[in-house]
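Colleague: Sequence:
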Amino acid sequence: IQEGQLFNATAVEAIKPRVTRLGFFEENVEVASDRVPGKEDEIDLKVKVVEKPTGFFSVAGGFSSVETFIFAGQIQEANLFGYGKRITLNAQIGGVTQLFFVNYQDPHLFDTDWTMDILVFRTDRRFRDFDRKSWGGSLSFGRYLWRNLTGTLTYRIENVKIGDIDSDARLIITNSDRTISSVGMGLIWDSRNNFLDPSAGNLTRTDVEYAGGPFGGNTDFIKYGISSRQWFPLWWSTVFTIRGQYGIIDFSNNGNDLVVGERYFLGGPNSLRGYGFRRVGPRVPTADGDFVIIGGVQELLFSADYVFPIMPSVGLRGSLFFDMGNAFNDGQTPTLNPMDLKKDVGFGVRWVSPLGPLRLEIGFPLGDRLPGEDAYEIQFTVGTLF
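Each number in the working numbering corresponds to the 1-based position in the sequence shown with 8 added.
To be clear, the hints were calculated from the coordinates, so they are not data collected in a lab.
Among these hints, one or two may not hold up.
For lysine-lysine, the following BS3-like pairs were computed, each having C-alpha atoms within a straight-line distance of at most 27 angstroms [claimed, not checked]:
1) K93 x K54
2) K56 x K24
3) K56 x K93
4) K231 x K351
Using C-beta positions, here's what the derived DEER-type ranges look like [claimed, not checked]:
5) G171 x T343: 33 to 41 angstroms
6) V55 x G339: 51 to 59 angstroms
7) F89 x V357: 32 to 40 angstroms
8) F240 x I126: 29 to 37 angstroms
We put the beta carbon where it would ideally sit given N, CA and C, even for glycine.
Kindly generate the complete structure, drawing on both the sequences and the hints.
Modeller: Here it is in structure tokens:
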């Protein structure tokens, strides 16, 4: 809405949910339109809000199903200098992952409909058969196109090193030092009623990323992805959520090298919760009868969650979930037949704590289990609720 434009009742109705989900104000946003005295063709639009703290500092320690132990610290200001800009400094040290990043976001660059996002990061993560170390950054510009639709353009530069490979996997995975230089484009539809803990709305994203070629680096690929999540508010403050996700990556211009750092692996708290972290994907047997998980060039994932209140006064809720999906190698065709996909069911609890949303879930794989797959997995995470 701009000063001086024609009155639009639909746009006025959208003010309250848009202001609320910014996270800068309490939920009791009031919008009023009054005639200007003596002017029949003018209306004063008044938006009454109550500000709340937008700075955030946390230090936490504990354990997770993936990391064994974990120490994390974060400093964030969501309304920097009162202009709606966001800056985040984050550090996480665990038994599997070391992560450091700085992120700056401007939702209205130079007071326009353009957005800007700057990210600088360093990660060190141990997988089942190898270590992946990386550092780099990205610069993204976006533009609000229509209502909840945003278009984005992103440049990414990243150095990725694969090393400390298990002896059984050295004939399949090799040490590598790669530079990824890519440009990506995306479309995002976001109608969630709350960015942190949504109970209604939709989040759909489609992306394409082109690495190498005219953009430099020594790694070539084209990656396509689409994902969608829908939240349905139901009776008694319960919420039903469904999610679908598909991705495919083309390494045909990269020769015969196995670019394991960019391939798809499923399993863990954000995909197949009944399986270990990144333990689902194409396997290659080794000479001693073991196996190496090399990841896939396609992924397919479906999830459904039913979330219900346990102690609403403190934000404690329970959940029941079902996941289905897999990762596929070259020559394999993804299937929608549930009998040919990995599946799991489970339950958990969720708490919107002072340190952020917490999730503790137990997943049970369905059907026959492959070697290395356990009868259940305990998943513990801190982050935005699904």
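Colleague: A separate judgement is required for each hint: does it hold in the structure or not?
Modeller: The hints, checked one at a time:
| no. | hint | in the structure |
| --- | --- | --- |
| 1 | K93 x K54 | holds (23 angstroms) |
| 2 | K56 x K24 | holds (10 angstroms) |
| 3 | K56 x K93 | holds (21 angstroms) |
| 4 | K231 x K351 | holds (25 angstroms) |
| 5 | G171 x T343: 33 to 41 angstroms | holds (35 angstroms) |
| 6 | V55 x G339: 51 to 59 angstroms | holds (57 angstroms) |
| 7 | F89 x V357: 32 to 40 angstroms | holds (38 angstroms) |
| 8 | F240 x I126: 29 to 37 angstroms | holds (35 angstroms) |
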